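Which chain is which? The protein sequence lines are A and B, in order.
At position 224 of the first sequence the residue is numbered 224 (the UniProt record's numbering), and the sequence of numbers has no breaks.
At position 238 of the second sequence the residue is numbered 238 (the UniProt record's numbering), and the sequence of numbers has no breaks.
Treat the hints as calculated values from the structure; they're not laboratory data.
As the structure is a computational prediction, the values presented were derived from the model and not from experiment.
We put the CB at the ideal spot given by N, CA and C, even for glycine.
Just so you know, not all the hints are guaranteed correct.
To give a feel for the contact side, a few chain A residues facing chain B, derived at Cβ under 8 Å [to be verified]:
#: 1; residue: 46
#: 2; residue: 103
#: 3; residue: 517
#: 4; residue: 521
#: 5; residue: 524
#: 6; residue: 638
In silico negatives: residues of chain B with every beta carbon more than 12 Å from chain A [said to hold, decoys possible]:
#: 7; residue: 37
#: 8; residue: 75
#: 9; residue: 104
#: 10; residue: 117
#: 11; residue: 226
For reference, the chains in residue letters:
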Amino acid sequence: MTTTTRIERHHYDVVVIGAGGAGLRAAIEARLAGKKTAIISKSLFGKAHTVMAEGGAAAAMGNVNSRDTWQVHFRDTMRGGKFLNNFRMAELHAKESPQRIWELETYGALFDRTKDGKISQRNFGGHEYPRLAHVGDRTGLELIRTLQQKIVSLQQEDKRDHGSYDARIKVFAETTITELLLDGDRIAGAFGYYRESGEFVLFEAPAVVLATGGVGRSYKVTSNSWEYTGDGHALALRAGATLINMEFLQFHPTGMVWPPSVKGILVTESVRGDGGVLKNSDGKRFMFDYVPDVFRKQYADNEAEADRWYDDPDNNRRPPELLPRDEVARAINSEVKAGRGTPAGGVYLDIASRLPAEEIRRRLPSMYHQFKELADVDITREPMEVGPTCHYVMGGVEVDPDSGAAFGQVRGLFAAGEVSGGMHGSNRLGGNSLSDLLVFGKRAGGHAASYADGLAARPRVPVAAVEAAVETALAPLQRDTGENPYTLQQDLQAVMGDLVGIIRREGELVEALSRLGELRERVAKVSAAGGRRYNPGWHLALDLRNMLVVSECTAKAALERQESRGGHTREDYPAMDPAWRRVNLVCSLDGDTVRLDRKPLPKMRPELVALFDRAELAKYLTDEELAEFDALAEEAGK
Amino acid sequence: MGTKRQFRIWRGDETGGDLQDYMVEVNEGEVVLDVIHRLQATDAPDLACRWNCKAGKCGSCSMEINGKPKLGCMTRMSTFAEDETITVTPLRTFPVIRDLVTDVSFNYEKARETPAFAPPPGVAPGDYRMQQIDVERSQEFRKCIECFLCQTVCHVIRDHEENKAAFAGPRYFIRAAELDMHPLDARTDRKEYAQAEQGLGYCNITKCCTEVCPEHIKITDNGIIPMKERVVDRRYDPLVWLGSKIFRRGQVPQTIVTGEHSPGAVGAHAAGPAGVHSHAGGSHDARAETQAQQGVNWHREVPKPTAPAVDASGRMPLTELTFDRAAAPSPFGDDVTFPLPPEHLNFAHPEQDKH
Chain A
1 MTTTTRIERH
11 HYDVVVIGAG
21 GAGLRAAIEA
31 RLAGKKTAII
41 SKSLFGKAHT
51 VMAEGGAAAA
61 MGNVNSRDTW
71 QVHFRDTMRG
81 GKFLNNFRMA
91 ELHAKESPQR
101 IWELETYGAL
111 FDRTKDGKIS
121 QRNFGGHEYP
131 RLAHVGDRTG
141 LELIRTLQQK
151 IVSLQQEDKR
161 DHGSYDARIK
171 VFAETTITEL
181 LLDGDRIAGA
191 FGYYRESGEF
201 VLFEAPAVVL
211 ATGGVGRSYK
221 VTSNSWEYTG
231 DGHALALRAG
241 ATLINMEFLQ
251 FHPTGMVWPP
261 SVKGILVTES
271 VRGDGGVLKN
281 SDGKRFMFDY
291 VPDVFRKQYA
301 DNEAEADRWY
311 DDPDNNRRPP
321 ELLPRDEVAR
331 AINSEVKAGR
341 GTPAGGVYLD
351 IASRLPAEEI
361 RRRLPSMYHQ
371 FKELADVDIT
381 REPMEVGPTC
391 HYVMGGVEVD
401 PDSGAAFGQV
411 RGLFAAGEVS
421 GGMHGSNRLG
431 GNSLSDLLVF
441 GKRAGGHAAS
451 YADGLAARPR
461 VPVAAVEAAV
471 ETALAPLQRD
481 TGENPYTLQQ
491 DLQAVMGDLV
501 GIIRREGELV
511 EALSRLGELR
521 ERVAKVSAAG
531 GRRYNPGWHL
541 ALDLRNMLVV
551 SECTAKAALE
561 RQESRGGHTR
571 EDYPAMDPAW
581 RRVNLVCSLD
591 GDTVRLDRKP
601 LPKMRPELVA
611 LFDRAELAKY
621 LTDEELAEFD
631 ALAEEAGK
Chain B
1 MGTKRQFRIW
11 RGDETGGDLQ
21 DYMVEVNEGE
31 VVLDVIHRLQ
41 ATDAPDLACR
51 WNCKAGKCGS
61 CSMEINGKPK
71 LGCMTRMSTF
81 AEDETITVTP
91 LRTFPVIRDL
101 VTDVSFNYEK
111 ARETPAFAPP
121 PGVAPGDYRM
131 QQIDVERSQE
141 FRKCIECFLC
151 QTVCHVIRDH
161 EENKAAFAGP
171 RYFIRAAELD
181 MHPLDARTDR
191 KEYAQAEQGL
201 GYCNITKCCT
211 EVCPEHIKIT
221 DNGIIPMKER
231 VVDRRYDPLV
241 WLGSKIFRRG
251 QVPQTIVTGE
261 HSPGAVGAHA
271 AGPAGVHSHA
281 GGSHDARAET
291 QAQQGVNWHR
301 EVPKPTAPAV
311 DASGRMPLTE
321 LTFDRAAAPS
331 PFGDDVTFPL
341 PPEHLNFAHP
351 EQDKH
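Work the whole structure out from these sequences, hints included.
So, in structure tokens, the structure goes:
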């Protein structure tokens, strides 16, 4: 059968899987390095989930507060990630994000401006100074459109120089990669299908950059689009790479909970940055009850001081509504559980009583517009109903911080953006995602290009692997006895949402793993009705196995980590444990089963440790590490 | 709490298809895309439909609902009567791939033909300085989510396949306008390009594009009309042309011209490599006017006004259905081709003496 299957073949130097911010930035870099580059996009070009980012891109440009530097940004990032971050990634990110933002202006981006004509920066949860470059509340759209248009401009150069737009960089829209192909331990290519026609396509390429985003579609309530099925995570695992931090998922504290059609959609944090407050059904501004000890120094404990902060941030502590996302999500969860939630199971986010209607419309135009059009709610008149929604996965492919090259048993594989792990530790700060995409997208693209340059011979795609990939892809269409893929997805979402959600318990995690085991059997027998042409049922059937293996990683790692930190909350281990801070949980694939190993975290360089107060470090580090710090401090004092 | 509602959805591919009837459960607060998802999960697992964000931000789920181009995720079920049948069809202007999915590659081709942002030479990254008020005009157009509803509704191409080659469509007119209004874009010919290469002249401002825009961009008023006006100004008004040659952008005087801008400087400015990018009207300087009027043959023969062309029945071809083109007839008469021969113009080229 397979010998008669038509497969379109392409040769590229670098194949970038994913066309969001990280993928496009990587592709630009690879093309600028002179490599023939393919961009694979599951959707149409320019529709990636990056468009959903509203708040902005964090970069210590110091345009609004000149005291902001990369060191402060680094400190905030580490604090936000509860010191579980890969310090080197956090360092590179803080140092390089200003250049990456400025570069976008040379591509044509139009950020909002300060009075002196520089890029304006706004406050955001967890950031000490106003730091987020933004365009109203549609920064993600600006970023994706700018990168998209930069790619078009490169194509126009190629058309002029080589006669074809596609000569050196081509976008394969509505194309899904189902398998990475290896020659020994080296990447040799990628196999997939065109969604529109169902025809198969094989890319022969020595270097692959994964930029496929996250895993949110495994959850019932999520802000993520259908594309977020963990494809890159699963492809990396199957190619022999490793995943870290898979237990850490960010539940955005303020997703819409009413009306049901828009359940999960985000209400940007800048609603709170601009004065919005959270209230329970008793009308109480409850966040003051949830300021953790580690944050008491920075956050106000009374309404008067919190309200003064908006106008005078230098002399007042911040309102507790601007605590890191995990704290806010947990607080909302507790209020709802205590019976003080709204009828739809959320709390109220009120900006209507805080700012004049005109001002709300000016500062939050697309928020206003979104609520008005999608839900027929006027945010200038009534409060919104919000609650936690699955938003971002901190975990992902374990990579070398400088190059984005995947660790594990594979060479030629790179990852950037949400699909990579380490940068954000146990919890990501708002605004750090867009800058992460740019910083590490550029790095991964550049290093993939130099890796391709350094190869003496091209790896060869093994024929048997292609045949196996064809067979796997066609299998759901050829079965007619299996279950409907939509039912299986709903069941998977129920398991993850109910048992591996925002608050976790040992018993539930054990049950989740056993139910995931049953689902694995059922997914192996899934059948899709219809033919190969644009058949969403078939596409979902193929995505399911990726969602399943990634869910197993999350459940296993969540069971193993016996503490609460950032995006991982264990009801049975509610405290943060400094001993666990030194451990990354690493997932790999052993045959068909997920294997979990412990691995020590890389040790932060002394000059970076010295950026923190001892009192702050004491909250995170073990006694042993603190003794080391004291010795160093003494050394420096001499 | 759900009720059953009647849906008619177009199913098929490029070889043909038809409307199929479905009874679907609809709950309070749902949108059309929710109903399509329910159909996929139940009666029609292979029903093809694009979507991504389900929040009106990505522009993927464009479809025609009861004949109107709309986003499926932004069309609330509560906007229909309880007993109303809801008919969902694919975008009419683009070829069908399957069911509600169409081949929108036309738009991506036009995007590639639109010249990209030209960074200002000599300005380093990080040194870009722009005022908020100056970026806001372009920012309005950058709100575009590329749902292509404006493209599908535009009658120049909606039922006129033959116009597609020469016409970029509203989406790319506002792209050109956005770059034209970009404070630091180094290209100076955005308007001329829109006229000459994008087919701006086909647009006869029916504002259908503005009406369907889910981002409420004033495509016609803020994008297309200013582009048309400037093109007309600059193409047909010799004083504007002259002014644009004399003054650099931002230096156009409000009332009088200073001595530095003597006619002698004209050639030097016009020949300079730097961009001349005037958004302003013409100068009212008497000297410049005299200069422009020298050498005009005021006794040249001017064509007499003529009656409009009529068809076989003696009537004017008033509707697009019977007329031979999509746009309105030329206000200069259909038999006048541009450029006019120079001797027919009330205009003297400032450098004519050199030839």
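Hints the structure violates: just list their numbers, smallest first. 3, 4, 5, 6, 7, 8, 9, 10
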